[in-house]
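K.L.:
As a plain string of letters, each chain reads:
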Amino acid sequence: MISIQNLHKSYVTGNNSLHVLKGLNLEIGEGEFVSIMGSSGSGKSTLLNILGVLDDYDQGDYFLNGKKIWGLTETQAAITRNAMIGFIFQSFNLISFKNAMENVALPLYYQKISRKKRNMIALEYLDRLGLKPWAHHLPSEMSGGQKQRVAIARALISNPKIILADEPTGALDSQTSMEVMEILKNVNDQGITVIIVTHEHDIAAMTKKIIRLKDGIIGEVITNGDLQLYRDRVKSE
Amino acid sequence: MFDLDRWNEIWHALAKNKVRSLLTAFGVFWGIFMLIIMAGASNGLKNGIVEGVAKFATNSCFMWSNQTSEPYKGFKRGRYWNMDSDDLTYVLNNVPEIEYLSPKNFGSRMNGGPNTIRGFKNGSYNVKGDYPEYVKIDPYTVLMGRWINEMDILEKRKVCVIGQKVFEQMFDAKENPLGEYLKISGVYYQVVGVIKPETQININGRAEESIFLPFTTMQQTYNMGNMVHFLAITAKKGVPVSVVEEKVKALIKSRHSIAPTDTQALNSVNIEQQFQQISGLFLAIGMLTWIVGIGTLMAGVIGVSNIMLVIVKERTKEIGVQRALGASPRTIITQIMLESVSLTIVAGYTGLSLGVGLLELVNKILESRPATGDRAFFTHPEVSITVALASLLVLVLAGLFAGSIPAKRALLIKPIEALREE
Ligand SMILES: Nc1ncnc2c1ncn2[C@@H]1O[C@H](COP(=O)(O)OP(=O)(O)O)[C@@H](O)[C@H]1O
Ligand SMILES: [Mg+2]
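Top line first, the protein sequences correspond to chains Y and C. Everything in the first sequence is counted per this note's numbering, starting at 1 for the first residue and increasing by one. Everything in the second sequence is counted per this note's numbering, starting at 238 for the first residue and increasing by one.
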């Protein structure tokens, strides 16, 4: 699904250049449930943005679903995002003047699906996440957990292959965080690749694979069997 | 082509931000409103004056005598003199460019006291002695009977033509004035016609309130000898009035021993010149209207563009989210352009309608005034359909223009930058 070799990314601001990703290699298969960890500023969001075709990279190769992502026009990038990827953000990023249903339906608008049809589909997704009664409420009338569930519904509605979530529980209390992770796990169970960025160990521990970023490359990969071990180690830390 | 969904999006975006949308719209509304009102007002002024003088012969000039201002041929300066009937034939014989020549004499109004009596009724009117030709220069509508004719002049008949106001005041509404007698300054005249002026130009008092006698009759009954107070002249087609004016003046001056260089002794007005000045003025007013109007409109458009920029900035995050969710650059541009254009058009159209509506209202009020009443030089303040359509086109272009800068700006917003968590 995702294949990255020797990925480099620098941010240039004025005369300064900040080399964030320094020859990173990464393979993520279809249906994986992965968390990316690392200290603040280690380049987790940078990596996720590149994965999500929101940003370009300086050097290396990135294949998404077998297709090389390089030198895309804005329009091609938009089509790729719309077809392949669902985004979930820390601060939800719902559109404030649209109600829950309209927010969820938005990706389908860009696929030119009729209003009636897309609102109907949006209602279905909201229903699945237990938010049907809130369909006609504005984001400002909902709790953080509800907003994030709306955002998840919005990420799912275009039937993406991959869900990318940057600190999806960063703005939520631990109880709600667990609920959101539960939903993401269900999503993953349906075969969708889920990649989340987090700095919380117990959140990461709910995924099936942990990738630790360190010094611009993958410092450590912890998979399935080792997770229990990892959990124990985290506890003792 | 018509994409209901897109309009829904636009409507949502605009309606959910009412204050912003309204503020944006107001600039454009005001611009086009002012443009229409000003164009209408200047048209009204123009129409008023044009209608007021339209039927007046523009190829005409008028002259009257004055004290001399230079000594000449043994006469001192400051001499009083008058034109006379012999001047008329002389001038007609020697200036072939003259089309119509019509002398006019004025009777005194007896210091404002009543000079006209009929039974128990009396009134104070301007009494004028006229030639049949006068109506070729300053046309009157004959409401009843007829205007002065050649026979009246030749036989010095004791007849009179009266203005509409005179009729209304001296007769009952259902009365037939023709054949009736009016006693004017002690002499009886038979009424042969009632007239109404077609222009707003008045020489020595309003025509509605005037009594017209045959010129020769007036000279005789008022003991004016062969004196002529006033001359109205039109030039033949293709001849500038000023040519005729100068020729006639030179001839008359020489006949009365007045210095050719004396500019005061024989005063004149050249209507052709006056008209040219007025048209120049109209042109200036029209141009000013457009300059100011388009300036105001431009200010509105720049306002829209500015506010759209603010909107784009405010919406950075929203646009970023839309991009992340798969909105193509085209979708974003179209959205912003259409928002800007529809806002401009709705606002502009409202301004246009209200402006035109207001003009219509003023028009109605003006038209409901009695026709013979105190009509100001202001009628039909209207704007042409061409102007209205042109403004609409300008609005569309303005909206596109107002949207293009913020749309370009919106494209520069990278989704990651918009989405970056602080
Ligand atoms: N657009 C940018 N321009 C310049 N520097 C950036 C930009 N985005 C991120 N950075 C810098 O790159 C580094 C990695 O950022 P980021 O990927 O957001 O880290 P993380 O998400 O792991 O906290 C940080 O030092 C950050 O300040
Ligand atoms: Mg981050």
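Treat the hints as calculated values from the structure; they're not laboratory data. Possibly wrong hints are sitting among the right ones.
Stated by the list, open to error - Below, simulated BS3-like cross-link-like pairs (lysine-lysine); rule was C-alpha separation at most 25 Å, straight line:
id	chain 1	residue 1	chain 2	residue 2
1	C	LYS393	Y	LYS98
2	Y	LYS67	C	LYS255
3	Y	LYS112	Y	LYS214
4	Y	LYS132	C	LYS645
5	C	LYS433	Y	LYS112
6	Y	LYS98	C	LYS411
7	C	LYS255	C	LYS554
8	C	LYS601	C	LYS554
9	Y	LYS98	C	LYS433
Unchecked claim - Using C-beta positions, here's what the derived DEER-type ranges look like:
id	chain 1	residue 1	chain 2	residue 2	range
10	C	LEU634	Y	LYS208	53 to 63 Å
11	Y	GLY14	C	VAL529	31 to 41 Å
12	Y	GLN111	C	MET535	32 to 42 Å
13	Y	GLN5	C	GLU551	47 to 57 Å
14	C	MET535	Y	HIS136	34 to 44 Å
15	Y	VAL12	C	SER621	55 to 65 Å
16	C	SER621	Y	GLN111	41 to 51 Å
17	C	TRP248	Y	GLY14	42 to 52 Å
18	Y	GLU141	C	LEU259	40 to 50 Å
19	Y	SER96	C	TRP244	42 to 52 Å
20	Y	ASN15	C	MET535	36 to 46 Å
Here the structure is a predicted model, which is why all the values come from computation and not from measurement. We put the CB at the ideal spot given by N, CA and C, even for glycine.
K.L.:
Each hint needs a verdict: does it hold in this structure or not?
P.N.:
Results for each hint:
no., hint, in the structure
1, LYS393/C to LYS98/Y, "violated, 93 Å"
2, LYS67/Y to LYS255/C, "violated, 45 Å"
3, LYS112/Y to LYS214/Y, "violated, 42 Å"
4, LYS132/Y to LYS645/C, "violated, 38 Å"
5, LYS433/C to LYS112/Y, "violated, 71 Å"
6, LYS98/Y to LYS411/C, "violated, 75 Å"
7, LYS255/C to LYS554/C, "holds, 20 Å"
8, LYS601/C to LYS554/C, "violated, 53 Å"
9, LYS98/Y to LYS433/C, "violated, 70 Å"
10, LEU634/C to LYS208/Y: 53 to 63 Å, "holds, 58 Å"
11, GLY14/Y to VAL529/C: 31 to 41 Å, "violated, 47 Å"
12, GLN111/Y to MET535/C: 32 to 42 Å, "holds, 40 Å"
13, GLN5/Y to GLU551/C: 47 to 57 Å, "violated, 41 Å"
14, MET535/C to HIS136/Y: 34 to 44 Å, "holds, 42 Å"
15, VAL12/Y to SER621/C: 55 to 65 Å, "holds, 59 Å"
16, SER621/C to GLN111/Y: 41 to 51 Å, "holds, 47 Å"
17, TRP248/C to GLY14/Y: 42 to 52 Å, "holds, 43 Å"
18, GLU141/Y to LEU259/C: 40 to 50 Å, "violated, 24 Å"
19, SER96/Y to TRP244/C: 42 to 52 Å, "violated, 21 Å"
20, ASN15/Y to MET535/C: 36 to 46 Å, "holds, 42 Å"
Hints 1, 2, 3, 4, 5, 6, 8, 9, 11, 13, 18, 19 from the list above are not met by this structure, while the remaining hints are.
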